[in-house]
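Engineer: Heads up: the protein sequence lines correspond to chains S, E, F and P, in order. Going by numbering that gives the first Met the number 0, the residue at position 172 of the first sequence is 171; the numbering climbs one at a time, nothing skipped. Going by numbering that gives the first Met the number 0, the residue at position 178 of the second sequence is 177; the numbering climbs one at a time, nothing skipped. Going by numbering that gives the first Met the number 0, the residue at position 100 of the third sequence is 99; the numbering climbs one at a time, nothing skipped. Going by numbering that gives the first Met the number 0, the residue at position 5 of the fourth sequence is 4; the numbering climbs one at a time, nothing skipped.
The hints are simulated quantities; they were obtained by calculation from the structure and are not laboratory data. Careful, some of the hints might be misleading.
Repeated chains share a single entry, so a pair holds when one copy, or any two copies, can fit it.
With a Cα cut of at most 30 Å, we get these calculated DSS-like pairs of lysine-lysine [what the hints assert, rightly or not]:
#1 70 / 107
#2 315 / 5
#3 118 / 244
#4 199 / 15
#5 50 / 69
#6 261 / 315
Each chain, letter by letter, is given below.
Number of protein chains: 4
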Amino acid sequence: MIISTKRGTPAAELDKIIQEFEGMGLGVTIIRGTDYNVFGLVGDTTILDEKRIRANPYVENVQRVSEPYKKANRLFHEADTIVDVAGVRVGGTEKVAVIGGPCSIESKEQAVRIAQLVKNAGGCMLRGGAYKPRTSPYAFQGLGTEGILDLAAAREATGLPIVSELMSADKIDEFEQYVDLVQIGARNMQNFQLLKEVGKMSKPILLKRGLANTIEEWIMSAEYIMAGGNENVIFCERGIRTFEKYTRNTLDLSVVPIIKQKTHLPIIIDPSHATGDWRYVESMSLAAIASGADGLMIEVHENPEAAWSDGAQSLKPEKFAAVIEKGRAIARVVGRGL
Amino acid sequence: MIISTKRGTPAAELDKIIQEFEGMGLGVTIIRGTDYNVFGLVGDTTILDEKRIRANPYVENVQRVSEPYKKANRLFHEADTIVDVAGVRVGGTEKVAVIGGPCSIESKEQAVRIAQLVKNAGGCMLRGGAYKPRTSPYAFQGLGTEGILDLAAAREATGLPIVSELMSADKIDEFEQYVDLVQIGARNMQNFQLLKEVGKMSKPILLKRGLANTIEEWIMSAEYIMAGGNENVIFCERGIRTFEKYTRNTLDLSVVPIIKQKTHLPIIIDPSHATGDWRYVESMSLAAIASGADGLMIEVHENPEAAWSDGAQSLKPEKFAAVIEKGRAIARVVGRGL
Amino acid sequence: MIISTKRGTPAAELDKIIQEFEGMGLGVTIIRGTDYNVFGLVGDTTILDEKRIRANPYVENVQRVSEPYKKANRLFHEADTIVDVAGVRVGGTEKVAVIGGPCSIESKEQAVRIAQLVKNAGGCMLRGGAYKPRTSPYAFQGLGTEGILDLAAAREATGLPIVSELMSADKIDEFEQYVDLVQIGARNMQNFQLLKEVGKMSKPILLKRGLANTIEEWIMSAEYIMAGGNENVIFCERGIRTFEKYTRNTLDLSVVPIIKQKTHLPIIIDPSHATGDWRYVESMSLAAIASGADGLMIEVHENPEAAWSDGAQSLKPEKFAAVIEKGRAIARVVGRGL
Amino acid sequence: MIISTKRGTPAAELDKIIQEFEGMGLGVTIIRGTDYNVFGLVGDTTILDEKRIRANPYVENVQRVSEPYKKANRLFHEADTIVDVAGVRVGGTEKVAVIGGPCSIESKEQAVRIAQLVKNAGGCMLRGGAYKPRTSPYAFQGLGTEGILDLAAAREATGLPIVSELMSADKIDEFEQYVDLVQIGARNMQNFQLLKEVGKMSKPILLKRGLANTIEEWIMSAEYIMAGGNENVIFCERGIRTFEKYTRNTLDLSVVPIIKQKTHLPIIIDPSHATGDWRYVESMSLAAIASGADGLMIEVHENPEAAWSDGAQSLKPEKFAAVIEKGRAIARVVGRGL
């Protein structure tokens with residue numbers, strides 16, 4: 000960590016700063032400049048709070064050199080982490096994992112039928128929302144427990160592991176019992192209480208990126224879960240909020256090489272939520288695989304115009320199958336199965 | 000609501016769309032263009048889900064004409080809502096309410112002492128964090144219940160109502176019992192489960208704007224709380240996330256006239272979190288009052304460089320008093336007390 | 000175009016609005032709602048200025064249904080436009096065009112040498128900056144005319160067409176004479192005077208997307224060039240500005256399917272400027288091809304650490320060759336050559 | 000400047016880096032960490048190009064400690080710069096300068112008439128567009144030279160200095176002859192060729208902030224003009240681009256205290272373009288003055304609904320006069336005249 004102090008800081012104040020850090024067991028080197036003095040701190044600076052240091056009136060600026068995360072950091076864990084989701088392995092050089100399913104679970108029949116279509120097309124997990132985060136209190140909020148049980152029935156019928164979003168801590172027992180991959184949605188990426196709670200779960204976590212969160216904050220949210228004891232975290236990029244109006248969000252595919260460089264965890268892409276329009280899902284899916292993503296999560300619905308939510312971004316099953324087929328050829332080029 | 004359909008949509012499909020909306024009790028007018036046909040829907044369109052309509056493959060675009068909120072909408076509630084926080088009235092032409100206090104509660108003594116300084120300076124409520132949303136799991140997370148009790152002791156000593164952030168539903172009883180104004184933080188603005196829960200509380204809610212949420216989404220989150228039965232919502236702007244690097248966030252003061260035009264609820268400004276730097280707090284406080292804000296929430300700490308969090312943005316008590324004094328003169332110009 | 004008027008607008012004012020639009024030859028349909036009245040306009044609304052209509056105090060809102068562009072609009076020009084750059088055809092189902100070269104031209108020897116490496120690796124055009132847009136007035140500003148002549152020498156030696164950025168109208172003659180594909184940089188995307196001038200050139204234009212410009216504004220800038228008479232425009236995405244800090248810009252690959260849906264013009268991707276880091280260039284290049292891009296523009300330098308500008312984002316020639324080889328396999332999957 | 004190198008960088012490479020910087024006359028201090036080594040450079044680092052240093056494969060990161068600007072930097076020029084615009088002094092503790100006028104000049108009569116209204120209301124300069132940057136090539140592009148002459152006639156009639164936007168270098172002689180304050184628009188803030196040209200002008204420059212430019216880039220654009228010899232630069236904030244949809248742009252008032260802290264130059268605010276809606280102009284104008292701005296630039300039109308451009312954001316003259324009157328009372332509170 001690098002700390003620069005203001006021009007004219009008295010020597011006594013500089014000494015006080017040095018003593019404080021040395022008292023914390025950190026090594027301190029001072030660089031004397033013409034307009035500023037700069038301190039370099041050596042040691043475990045993840046414990047330091049930048050904002051607190053910045054409160055010193057003689058401090059001009061504070062900059063981290065090393066990353067604020069430890070458990071997620073590739074620097075301290077060179078090998079790729081493979082996350083096992085009820086037998087489906089995600090990450091490293093494993094097959095590209097394609098998760099498909101409806102935005103919202105509407106009934107057991109729907110869940111089972113779409114699960115079969117997803118499986119036949121080559122998908123390896125079933126997604127479906129039972130608890131839905133909706134901007135409007137007047138919109139459909141999901142079937143709740145009934146939806147989770149419908150998903151479980153679909154797993155029963157097909158063998159596909161199931162993925163669903165957990166929105167509050169009071170449903171953790173339900174998810175621990177029934178769900179194979181527990182999704183934390185974009186709007187809860189910094190719901191730190193919830194992160195702490197899922198850190199105690201035995202099930203792997205699918206951590207979506209927040210609408211306007213930096214990659215560093217995203218990794219810090221994974222760090223929360225890992226610090227709680229659950230090291231099975233899969234990142235999921237679903238688009239970020241920008242000024243652009245032709246897409247719902249802006250899909251940021253550069254996160255794929257960056258997450259792989261900075262961390263040892265897997266990352267998958269959700270092109271359906273990112274673009275909000277099924278017409279762009281195929282090209283973004285192929286791009287994601289080409290970029291090195293460990294998987295995709297795609298909305299699939301038999302009859303999108305009648306879907307209870309997000310129909311506009313859902314692929315019909317035959318289109319989903321076509322994406323998987325082309326995706327398989329792309330995966331081969333980058334050395335992966337699908 | 001205006002729905003445009005694609006060039007070449009068959010007449011039978013147009014008829015099906017018309018019938019569907021008429022079946023929902025909406026009036027439908029069709030505008031026949033050269034490249035598009037457009038439908039106008041008349042009636043209560045808040046029940047419609049834009050994304051579901053957009054899923055129809057013949058639909059090109061969907062645009063709302065009327066706002067998606069009802070209870071918060073000024074159109075249906077012309078008079079200003081005044082929110083009463085344990086006797087302090089906020090909104091309308093009431094005095095500008097200035098809330099002061101530390102970012103984090105550190106001890107009972109600190110809470111009481113700062114409360115007295117805040118009161119003496121002219122502040123009308125005490126703020127203090129007991130549950131802290133922190134990006135890093137390794138950072139100080141707040142004193143929890145102990146902090147809430149310290150705040151209550153400070154209220155006892157000074158008579159100032161207290162404001163604190165609620166981060167999870169399991170603490171609602173505690174907040175219902177002790178806290179006068181329950182803050183929902185920026186990172187939980189779209190934690191819809193929590194919004195539903197606080198919609199059942201009897202205490203007023205201070206709803207901070209999310210880091211990257213539009214004003215419309217913010218009002219929709221107020222609508223969630225109001226739809227639950229709690230109509231005492233105060234908005235709090237605390238800066239949004241942009242590309243700028245010299246401030247922590249970008250304070251968006253234009254929300255003041257907009258919130259007052261679109262809704263009947265009060266709005267206050269938090270210049271401390273918005274800028275992240277105490278040196279900008281005075282000018283942004285005065286600007287907020289000049290823009291018509293109903294209040295301010297400012298971080299105050301006796302010894303910012305030793306604060307347990309966010310010291311860099313805290314004002315010393317004498318500086319806080321100076322802001323209030325100048326603010327009072329500005330308030331007079333815009334026809335308000337302070 | 001849809002115009003909504005405020006609640007309580009007098010009938011006489013509604014009539015005046017109707018008459019005004021009918022006087023412009025537009026058809027007007029009125030939809031009478033409970034809280035608003037809405038007008039639908041039918042006819043050529045590209046001539047209307049939304050902001051002027053919004054100035055009417057009885058107007059609540061104005062929304063376009065049809066796009067504001069004509070010449071670039073796929074709706075009126077179904078076939079893909081193929082742009083011919085000195086014999087290299089870009090767009091449609093032509094080969095993916097890979098442009099390589101240094102950020103800045105440093106000497107004739109360098110230009111010729113890198114051109115040969117680019118050609119040997121499978122690149123089809125040479126890029127190189129002679130006029131450099133630099134944030135700091137103290138940074139290297141490019142070799143100017145000398146750099147253009149060096150590029151021309153490299154073309155002479157290799158046969159590769161050359162691409163370079165034009166920053167001001169006073170160099171148009173020079174570019175008309177020497178440069179095969181004239182680049183308009185991100186910072187000049189809305190330099191409308193320059194767009195008008197290049198609209199008169201005979202050479203094709205490579206139009207980079209502005210740092211914070213919407214796709215619609217970008218197409219409108221192409222429309223400027225086309226309205227001037229030059230219909231040979233190639234779009235180039237180079238990343239947009241967001242809150243993210245781990246990349247220089249955020250590469251928005253969803254523009255590929257969108258530009259192809261909305262317009263008939265080719266689009267290429269510049270992963271070097273988008274990411275600002277050579278380590279992410281390969282994965283973003285492969286993703287771009289998989290998404291359907293018509294080409295790539297990649298920075299190549301023999302000795303990046305000694306480059307006069309932007310070395311951090313330059314690939315070494317052998318790495319560039321590897322990208323082309325993998326890219327060729329990806330191109331095949333999406334039905335293209337390279 | 001602080002440079003961190005990767006774990007495992009060979010000692011010989013570290014030595015080479017040290018020698019290179021020492022060869023440039025910079026002092027180098029090395030801080031040896033466990034995972035990184037860090038160099039601190041002391042001396043004039045404005046000459047260094049961060050991107051070039053980052054190209055060294057052993058370099059992990061480069062961070063500036065000191066600002067990249069010199070002439071605009073308050074550190075080297077403590078006193079406020081007062082810019083004299085044909086006798087109207089802007090900056091320091093001078094009166095708050097209120098500039099008013101139409102978005103576009105429509106005729107000599109209009110220019111003279113509005114100039115008189117602006118003057119009578121208490122405005123001290125007249126603004127008016129003769130060359131208009133328009134997103135659409137089909138929109139009104141301004142009267143050109145005729146508009147400039149109309150402005151000059153209005154100055155003749157009222158004595159008010161005139162402000163107008165220069166869009167291209169070929170009009171510099173015209174602006175040098177007729178215009179008192181030469182505006183560089185947001186879309187040209189990084190048109191570096193134009194900045195160089197106006198750096199040679201004798202007239203003061205009003206430099207608008209770009210749509211998505213950081214404060215640092217904005218100051219660097221001022222630095223371009225100053226490096227060319229023209230030190231009379233006034234900054235003008237006009238809103239930045241964000242995700243928000245209820246305003247055209249997001250007005251960032253925190254720039255006022257920041258520009259005053261980082262530079263010695265004046266700053267004014269344009270609330271009309273920032274909000275795009277006349278209903279928000281008064282509150283943002285008062286907020287701007289309260290924040291310490293040196294002036295305002297407000298659009299004024301007698302008949303906004305008939306304005307040739309941007310009517311929606313224009314104030315009627317009586318409203319403009321009311322803003323000035325309230326603004327004067329606010330100015331008094333912050334120790335300024337108006």
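Engineer: Take the hints in turn and mark each one as holding or not.
Structural biologist: Consistency of the hints with the structure:
no. : hint      : verdict
1   : 70 / 107  : neither (39 Å within a copy, 35 Å between copies)
2   : 315 / 5   : between (61 Å within a copy, 20 Å between copies)
3   : 118 / 244 : neither (34 Å within a copy, 39 Å between copies)
4   : 199 / 15  : neither (41 Å within a copy, 49 Å between copies)
5   : 50 / 69   : both (20 Å within a copy, 28 Å between copies)
6   : 261 / 315 : between (36 Å within a copy, 23 Å between copies)
In summary, the numbered hints that this structure violates are 1, 3 and 4.
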